[in-house]
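> The primary structure of each chain is shown beneath.
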Amino acid sequence: MRALTWHGKHDMRVDTVPDPEIVNPRDIVIKVTSTAICGSDLHAYDGMIPTFQAGDVLGHEFMGIVEEVGPGVKGKAGAPKKGDRVIVPFTIACGSCFFCEKTLFSCCDNSNPAPNQDIADALLGFSPAGLFGYSHMLGGYAGGQAEYARVPFGDVGPQIIPDGVDDDKVLFLTDILPTGWMAAENAQIEPGDTVAVWGCGPVGLFAVQSAFLMGAAEVIAIDHYPHRLELAARFGAKTLNFHEVKVREALTEMTGGRGPDSVIDAVGMEAHGFSPDNLLDFVTQELKLGNTERPHALREAILAVRKGGTVSVPGVYGGFGQNIPLGAIVNKGLTLKSGQTHVQRYTAKLLGMILEGTIDTTFLISHRMSLEDGPKGYKGFKSEQDKYTKVVLKPH
Amino acid sequence: MRVLERVAALRAREDRVGPAAARGLGVFSLGLGLAGLIAPGALKGALGLRHPSDEVVRTAFGARDFGLGAALLAQPHRPEWMWARVAGDALDIATLIAGDRSDNPKRRALRSALAGVLAVTAADVALALRLGRPAPATGLFGRELPGVARVRGAAGMMGEHLTKKLHLTKKGRLTKKAHLVKKAHLTNKAHLAKKVLPAAVLLARRARLDDKRVLAGGGVALALGAAAVTLAVLNAKKTKGGTSDMPQKGAIERAVTVNMPREALYAQWRDFAQAPRWMEIVESVSETGEGHHWVVRGPGDKRIEYDTVITEDRPGEVLAWESVKGATVRSTNRLEFRDAPGGRGTEIHATMTYHPPGGPLGKVAALVTQKAPELQVRRDLRRFKQLMETGEIATTEGPGAAPSGRDKVKQ
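In order, the protein sequences belong to chains V and L.
The first sequence begins at -17 in my numbering and counts up by one.
The second sequence begins at 6 in my numbering and counts up by one.
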């Protein structure tokens, strides 16, 4: 089959690779009908995520038609059957371990293969769940930017989509919509709260939408791309362009001197901007001087949030960052919540909201391409972020 | 006049100390070279370097060190042998840095080695500078050391080239901001090359004027290296603070919590014939009447067979077995099944000792081939948990399980 593969920093290629197979009883294989490039794929594209290997198939936002089901899935009540159309959560979860039972699906004990867990243990303390197409530390699974994909625990993750609903309407259930939703949930919003969101990429924009749905009185969106800020404004957010204003001063002013009740860092490890702390991170990150992150947005969020407020971090960080204002966390009494998204917890609920028209995600798609044009999609999504808000690839 | 006398006295002293130290390093080189020639794989395994070509490289390194050792012993006055050692050090450092990866299980050992090599390099540089420049006619590097002017010139050209390339190829297409980011990024690297390299060379040259400073620097570097190695050794000796009721010297302890009742887990493990499903290196286990016959794949996929007897068997609580007297593999194994607090499944506490055939060499071989017992216990317990909790064992081995561009299909 054809698949989009990672060969190093800024080197994506389309290779012909072996077809995936049913290996374990609870596997299913799907024919991919739509797959998107995620903002977190750009971290891999920039060579920022450790333990990628040349040739790895990328992609963790994908959906398609069930082509084959393993003996452990066949006939199971509620499990997908051959021919069903499904969306596939990017987190692989077994559904029966301690963590899955607590609906902490992205912390599943059993989906990361034993040898790969060793790497995660060393870097993170304990291994989280395996993810599709997101490094060998997180399983070494092939991703969905391909014609076909093997999906382990096909009876737990995939959500069956009713006939007559476009791929475009439901594709983002795989990652960014639940990620934006969980970001808002982690922000512990109470009715009347003011919420500030750093980053108006897909996750940030969905976090803005979700925050309003959860009762926020005001949402302030921060970015430097005018088009992305416009999209946030369309959902009712007030906007700040960090190239035009001093963000912390503006936030304090806009909240009557108190600071936002909750803050959301939807930026992650590769913050833009020319603040001194970010430039220093740039140098130490590039020279690999004990630093793998550029957490400027997180620092700013921690300092900007009100006393006793909540910091929610959906942005991806991979290793070890420097100069985090720990004093502010302690002395202002903050709550910090984060995590890879427990997608399986949200898919059914959010699918319901899409079907009844409460949430629309199709506005986000700026480019549709073939799989063969995938490398161009990466390049554009990386270098022209004002124009490229989301790239969807159609492998067939 | 007195100044000149002092200079002469210093020179005379230099002539004694320098060559003596060079001889010392010669012996060191000789030893290192011998080790590299005899057991190139051992070092590779201990440091977690894993490319197959590394063995060839290590052998070559061994030959190099051996040759240089001999040369230094024969001609301890000649600075060019010392400079050759410095060049060799640079190669060693590059090799070690290449192996310093997050997935290297021996990273700590490798970093200790790196600290040691850095310290030795400092000593080598100090001594080479002390011995002076090679004579013009015989010098390995020609008349000049790789000097300030040459390095500065090269760095300058590199910076210029990068800036030019950026302007020519990117300017038209990038937005202004992206352009600035890109430029900042490139010039950072160019600046580093431009400023740091010549500064380092200058420092080295200035340091030569004052031998005491060089010696002090070398001493500090050696002390730091020694401290790093000592810390690593001390750390490696720390016990893991296990909770087993039967702590044993040299025992490996590991625990895993499985979301199932004790009896079911005990029953599965008691069925030893099933062990190959979750024990990676075990090929088969069969009943012998008094115990079991094990066939395992050792280093180099060498087949090792041995017999065990059950020494403790309390259903749902304890299962222990050990190798019979005179077996090729000496091992003791004990599993305790305990209720996790709060009804959260079962804790399995594994305690084992393991002496593979071949003594210390066998242990090194096991480490090199990822068949070290501590690693196997950890992974086997995880696989057992996966099998029990999900009915299968997660894997991304093989092209069908995880297709990749590494298994390209010919069209």
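The set of hints was computed from the structure by calculation and includes no laboratory data.
Among these hints, one or two may not hold up.
[Said to hold, decoys possible] Derived CB-CB ranges, DEER-like:
1. Glu354/V x Ala103/L: 28 to 38 Å
2. Pro258/V x Pro110/L: 35 to 45 Å
3. Leu236/L x Asp103/V: 42 to 52 Å
4. Ala99/L x Ser365/V: 46 to 56 Å
5. Leu236/L x Glu212/V: 52 to 62 Å
6. Gly403/L x Lys56/V: 17 to 27 Å
[Claimed, not checked] Looking from chain L toward chain V, a few residues come up when the C-beta cut is under 7 Å (computed):
7. Arg388
8. Ala406
9. Gly410
Every residue, glycine too, gets a C-beta built ideally from N, C-alpha and C.
> Taking 17 to 27 Å as the stated bounds, is the beta-carbon spacing between Gly403/L and Lys56/V within them?
Hint holds: Cβ distance 22 Å, inside 17 to 27 Å.
> Honestly, do Leu236/L and Glu212/V meet the 52 to 62 Å range at C-beta?
holds (56 Å)
> When you take the CB atoms of Glu354/V and Ala103/L, is the distance between them in 28 to 38 Å?
holds (35 Å)
> Can you verify the interface hint for Arg388/L: is its Cβ closer than 7 Å to any Cβ in chain V?
holds (5 Å)
> Identify whether the interface hint at Gly410/L stands, where standing means a beta carbon of chain V within less than 7 Å of its own.
Status holds, d = 3 Å.
> Could you check the hint for me, namely that Leu236/L and Asp103/V are 42 to 52 Å apart, CB to CB?
Once the Cβ atoms are compared, 21 Å apart, the range 42 to 52 Å for Asp103/V and Leu236/L is violated.
> When the nearest CB of chain V is found for Ala406/L, is that gap smaller than 7 Å?
Constraint on Ala406/L satisfied, holds at 4 Å.
> Is it true that Ala99/L and Ser365/V lie within 46 to 56 Å of each other by Cβ?
violated (33 Å)
> Regarding Pro258/V and Pro110/L, is the given constraint of 35 to 45 Å on their beta-carbon distance met?
Roughly 38 Å apart at Cβ, these two residues keep to the hinted range, so it holds.
Checked against the numbered hints above, the structure violates hints 3, 4; every other hint is satisfied.
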